[in-house]
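Protein chains: 2
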Amino acid sequence: MNSTNNDLHKGPMTFDLLKECPETRARRGTIHTRKGAIETPAFMPVGTQGTVKGMMPEQLKEIGSQIILGNTYHLYLRPGHERMARLGGLHKFMNWDRPILTDSGGFQVFSLGDLRKIDEDGVRFQSHLDGSKHILTPELSIAIQEALGSDIMMVFDECIPHPSTREYISASTARSTRWAARCKAARTDESTALFGIVQGGMEEDLRQKSVEGLLEIGFDGYALGGLSVGEPAEVMYQVMDWSLPLLPQNNPRYVMGVGTPENLVEAVSRGADMFDCVMPTRNARNGVLFTSFGKISIKQARFIEDELPIDPECSCYVCRNYSRAYLRHLYQSNEILSSVLNTTHNLYYYLHLMKRMRDAISEGIFKTFREDFYRKRVSTGEA
Amino acid sequence: MNSTNNDLHKGPMTFDLLKECPETRARRGTIHTRKGAIETPAFMPVGTQGTVKGMMPEQLKEIGSQIILGNTYHLYLRPGHERMARLGGLHKFMNWDRPILTDSGGFQVFSLGDLRKIDEDGVRFQSHLDGSKHILTPELSIAIQEALGSDIMMVFDECIPHPSTREYISASTARSTRWAARCKAARTDESTALFGIVQGGMEEDLRQKSVEGLLEIGFDGYALGGLSVGEPAEVMYQVMDWSLPLLPQNNPRYVMGVGTPENLVEAVSRGADMFDCVMPTRNARNGVLFTSFGKISIKQARFIEDELPIDPECSCYVCRNYSRAYLRHLYQSNEILSSVLNTTHNLYYYLHLMKRMRDAISEGIFKTFREDFYRKRVSTGEA
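The listed protein sequences correspond, in order, to chains A and B.
Heads up: the first sequence is residues 30 to 412, going by this note's numbering.
Heads up: the second sequence is residues 30 to 412, going by this note's numbering.
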């Protein structure tokens with residue numbers, strides 16, 4: 030069953046662990062879903078409202094996206110999950126035939142601050158669009174994700190704010206584990222994968238306890254939640270070092286909401302397989318572009334007559350065809366094409382970085398790759 | 030020399046008149062330029078600031094754009110024509126290798142109202158971007174257009190407001206003719222085409238006088254200016270009926286700033302060959318879409334669960350892949366992809382309409398085409 034080709038996969042998701050780095054904990058694998066294969070380590074562009082902002086699906090495929098992320102909270106509020114189901118699901122709605130991972134809606138709901146209230150049942154909240162009142166529960170989150178036609182669903186959990194008291198982290202994490210069990214019980218179709226999410230704040234024993242609780246329930250994959258919430262990078266890496274080795278070898282491991290290119294390299298070194306982050310897309314719209322030598326802000330006056338591409342080492346469509354001068358002009362002129370081209374480049378950068386890591390792991394040279402990655406940034410002083 | 034293939038054309042622009050409609054004055058031709066051929070009647074998407082808003086050049090080609098229009102005023106102010114020349118010209122800057130027609134800057138400058146002042150030499154104006162002071166003359170307009178690397182330049186003229194007094198129209202038109210002669214004298218490279226612009230307001234004798242003045246100077250093509258300035262459609266058609274038959278058979282005729290699909294059909298019937306208008310692109314960004322049965326506003330609630338494409342008779346990328354429900358969702362969500370997809374559809378509609386007219390003229394059935402075009406709109410009551 031665990032074929033490594035791109036054919037559609039019948040039945041539940043599977044994961045092939047293809048290669049492990051002999052010097053780090055980096056791993057190369059393939060996830061097989063009913064909508065096609067995902068080579069890991071993988072980056073998932075974020076498609077919040079049924080679109081990866083500014084990108085056509087064909088363009089996403091061209092730059093190598095094998096999976097995208099959809100947001101349960103946004104799609105539940107607009108256009109609504111029941112309407113979406115009547116329209117044939119999210120894949121058809123947005124013209125994307127490859128896998129979709131959906132978040133649980135928890136992260137957005139908990140971000141609403143005063144507009145939400147939590148209890149054992151779930152979270153009461155008011156829509157950021159029209160103030161209407163809603164209750165999101167583990168059961169509803171799964172129902173929404175199933176209605177959207179998700180290929181990989183996430184359990185409904187609380188992304189604990191940082192910093193929080195140990196007492197709060199402990200209580201919240203225990204509740205998230207109970208919610209995870211309710212999510213699994215609520216699933217009606219086992220060919221849709223469901224991932225558990227490890228919480229536990231920045232506390233080693235609570236992370237461990239969270240992992241144990243999730244393993245007892247049993248999921249198709251496991252995620253680290255509660256990272257990229259304002260903690261220093263060293264703390265993030267520490268949490269990965271505590272948590273990732275506790276997770277099963279033969280399930281994918283997803284580090285949620287992470288992060289910078291450096292974060293991705295470090296997380297892969299520590300055994301992570303999947304990532305999502307708005308950083309490449311959001312930064313693109315703000316004129317911040319990722320390159321092999323670090324980030325640049327295309328709005329700067331120094332680019333006004335610069336004929337070079339964004340990154341002379343990049344072979345993306347944008348770098349093959351446009352100068353920094355043109356991209357600066359588009360940004361200054363507030364042109365739609367500015368967001369489109371910048372997003373194309375940044376997503377290519379992220380997806381190509383993942384490909385380079387996959388290749389390096391396959392070839393057994395990941396550690397050398399990582400050294401080169403940092404050396405290039407340091408040598409130009411722009412990291 | 031007048032080959033009808035798409036090969037690049039050395040030397041000055043030429044125009045092949047291929048076929049004339051036996052029942053109307055519609056004509057089918059091909060313009061040959063150093064950047065490739067343009068089949069007429071042709072529609073030119075407007076690329077104001079060095080980009081057709083929301084479209085990559087490859088997408089423009091895919092939907093059949095053989096030429097686009099660039100705006101002298103905007104590009105003069107930002108990034109500046111001298112900088113543009115140093116960067117290799119507009120084609121290279123924006124990654125567009127097919128012909129570009131540039132306007133003279135006159136239309137935008139005259140639209141500035143209180144910010145501009147006109148005399149025999151030219152127009153003094155203040156930038157809408159930073160208030161800086163400039164003088165645009167016929168000579169500078171040509172210098173800018175040449176610096177941009179235009180393939181077809183337009184003479185610097187005044188687009189006369191409507192309504193104006195006969196006295197004003199007469200004086201302005203005479204001055205525009207003097208400016209047209211200065212433009213021709215200022216041209217330094219005869220392989221760049223230069224078009225004269227007929228003014229004369231809505232006065233038959235002044236239009237005639239304008240034509241005579243321009244013919245005396247001699248241009249590679251002739252345009253009708255001063256239309257689509259708020260006059261009723263019947264008046265616009267009247268001006269075309271007065272002016273177009275006076276223009277030489279063997280030069281292209283360009284009706285500037287026009288118009289609706291109906292306007293295009295009527296202008297082609299009257300012997301016009303080229304058009305530009307922001308209507309398809311601007312309307313797209315406002316959610317107004319063109320169809321074979323008339324315009325629709327995609328923001329309307331009636332489309333919320335509508336699985337049909339924008340126009341079931343349209344075969345564009347958008348109509349092949351997306352529902353009205355999705356396009357409404359993107360518009361309501363203020364997504365970039367809304368502008369991109371709507372623009373793609375509307376430009377395809379315009380470009381495909383021109384292709385259908387070209388085919389109908391070639392096949393000698395233009396009059397039947399025109400009847401069908403109107404019947405379809407009337408029968409659905411949405412025209």
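Just so you know, the hints here were simulated from the structure itself, not pulled from any lab data.
Given the structure is predicted, the values throughout are model-derived calculations rather than measurements.
Certain hints may be false.
[To be verified] Mimicking EDC-like on lysine to aspartate or glutamate, the simulated pairs with C-alpha atoms at most 16 angstroms apart in a straight line are:
1) K121/B - E291/A
2) K121/A - E336/B
3) K64/B - D234/B
4) K121/B - E334/A
5) K121/A - D218/B
6) K121/B - D335/A
7) K396/A - D45/A
8) K121/A - D45/B
9) K384/A - D270/A
10) K238/A - D218/A
Check your understanding: Between K64/B and D234/B, is the straight-line Cα distance small enough, at 16 angstroms or below?
Key -> Violated - the C-alpha atoms of D234/B and K64/B are around 37 angstroms apart, more than 16 angstroms.
Checklist line | Straight-line alpha-carbon gap K121/B to E291/A, limit 16 angstroms | finding: violated (35 angstroms)
Q.
Check whether the Cα positions of K396/A and D45/A lie no farther apart than 16 angstroms.
A. violated (22 angstroms)
Check the hint pairing K121/B with E334/A against an upper bound of 16 angstroms on the C-alpha distance. The given pair, whose Cα atoms are some 13 angstroms apart, holds under the 16 angstroms limit.
Has the given pair, K238/A with D218/A, been kept, meaning a C-alpha gap of at most 16 angstroms? violated (28 angstroms)
With a cut-off of 16 angstroms on the C-alpha distance, tell me whether K121/B and D335/A pass.
-> Roughly 13 angstroms separates the two Cα atoms, so the pair holds.
Checking one constraint from the list: CA of K121/A to CA of D218/B, max 16 angstroms. Satisfied? Answer violated: K121/A to D218/B is near 53 angstroms, above 16 angstroms.
Take the C-alpha atoms of K121/A and D45/B, compute the straight-line distance between them, and say whether it is at most 16 angstroms. Given that 16 angstroms is the threshold and the Cα spacing comes to 46 angstroms, the pair is violated.
Legend entry - Hint consistency between K384/A and D270/A [alpha-carbon to alpha-carbon, up to 16 angstroms]: With Cα atoms ~23 angstroms apart, K384/A and D270/A exceed 16 angstroms; violated.
Practice prompt. Compare the distance between the alpha carbons of K121/A and E336/B with 16 angstroms, and conclude whether the hinted pair is satisfied.
Written response: Distance of about 10 angstroms is within 16 angstroms: holds.
This entry does not satisfy hints 1, 3, 5, 7, 8, 9 and 10, going by the numbered hints stated previously.
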